[in-house]
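> Just so you know, the protein sequences line up as chains A and B, in that order. Be aware that the first sequence starts at 1, since it is given in the numbering used here, and climbs by one per residue. Be aware that the second sequence starts at 1, since it is given in the numbering used here, and climbs by one per residue.
Mixed in with the good hints, there may be bad ones.
Unchecked claim - Interface residues of chain B toward chain A, partial, derived using beta-carbon atoms under 10 Å:
#1 Val4
#2 Gln6
#3 Leu7
#4 Val11
#5 Phe34
#6 Tyr36
#7 Gln42
#8 Leu46
#9 Asn61
#10 Thr77
#11 Phe90
#12 Lys100
#13 Ile102
#14 Phe103
Read the hints as simulated data drawn from the structure, not as lab findings. All values reported here derive from a predicted model rather than from experimental measurement. Just so you know, even glycine gets a beta-carbon here, dropped at the ideal spot from N, CA and C.
If you want the building blocks of each chain, they are given just below.
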Amino acid sequence: GAGVSQSPSNKVTEKGKDVELRCDPISGHTALYWYRQSLGQGLEFLIYFQGNSAPDKSGLPSDRFSAERTGGSVSTLTIQRTQQEDSAVYLCASSPEGGNTEAFFGQGTRLTVV
Amino acid sequence: AQSVTQLGSHVSVSEGALVLLRCNYSSSVPPYLFWYVQYPNQGLQLLLKYTSAATLVKGINGFEAEFKKSETSFHLTKPSAHMSDAAEYFCAVLRGGYNKLIFGAGTRLAVHP
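Okay, chain B solo, but in the shape it has when bound:
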């Protein structure tokens, strides 16, 4: 069965610093992978997704993620954090041909001046 592990339930960075949110997946077949963001008091919205095309995926708001099969990872990065990036971020996995989207526990990102 597929699963997702997000390392670090809380991450705090300074404005302008690199953002790195970690996600490792387990899947017996090549997966589809997603990052969603949830701003305070809002629903989830898609940041980016990996669907077996390019391994480096660019998303909205300057975020990107790299699929590394050897490490079973799909870490989310952004070169320079903005205050507006403060939110909760969820990694999700969906096995090809199987439609249940499984989410990680989430990482809350705080950005301080």
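Chain A extracted, bound-state conformation:
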């Protein structure tokens, strides 16, 4: 079916507000990743979900960041009390099994905190 879908594509929010970013992975993909892409910084790993296993949250930069994946499908990344340094493109990817299988990326959500 369709590729990885992320929404919204762009989000402008005021400092201190909470935001939710959504990722719809490719149907049947058990692995889901969130990354953050800042200008000149490459891709920063945030969190990884694999099936029913406990997620790898080791990349979340602070406790203001959280993510969940409901029913093994849709994932939501939540940033509470946003700060200007949170401004970046947030990328979601999914893969059939994780591991050495190809990860398919969405177009990303560009978050701007003003």
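Position chain B relative to chain A; hints supplied.
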């Protein structure tokens, strides 16, 4: 812990010239290695991957990369650059049995006439 270093944040070549984008990895066990490309205003797509089969890996759009364990390198090459190759290229490493894909900082390739 595994990591990836991409030498050169910006590379500029003439159309028709050789493209060489450098990637060095660090991993305590044999890794899986990937090159992704991001065209302007688009998401990332896989160019090629190394998964311990052949050390020379061929990918899409005429790109290839060679895994050299002795040099801990996985450099990306293309014999003749096209204008359409202008993009950002990311090298990534994934340690076998561990599912966190770690990316380098990226190299922006410019191709001029």
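> Next step is simple, just say for each hint if it's right about the structure.
Structure-based check of each hint:
1. Val4: holds (9 Å)
2. Gln6: holds (8 Å)
3. Leu7: Result: violated, 13 Å to nearest chain A Cβ.
4. Val11: This hint is violated: valine 11 of chain B lies away from chain A, its Cβ roughly 15 Å from the closest one there, beyond 10 Å.
5. Phe34: holds (8 Å)
6. Tyr36: OK, holds: tyrosine 36 of chain B within 10 Å of chain A, min 8 Å.
7. Gln42: holds (7 Å)
8. Leu46: Holds, about 5 Å.
9. Asn61: Given a least distance of 16 Å, the restraint on asparagine 61 of chain B is violated.
10. Thr77: At about 21 Å, which exceeds the 10 Å cut-off, the nearest Cβ of chain A leaves the hint on threonine 77 of chain B violated.
11. Phe90: holds (6 Å)
12. Lys100: holds (6 Å)
13. Ile102: It holds, given that the least Cβ distance between isoleucine 102 of chain B and chain A is near 6 Å, below 10 Å.
14. Phe103: holds (4 Å)
Going down the numbered hints, you'll see the structure goes against 3, 4, 9 and 10, while the others check out.
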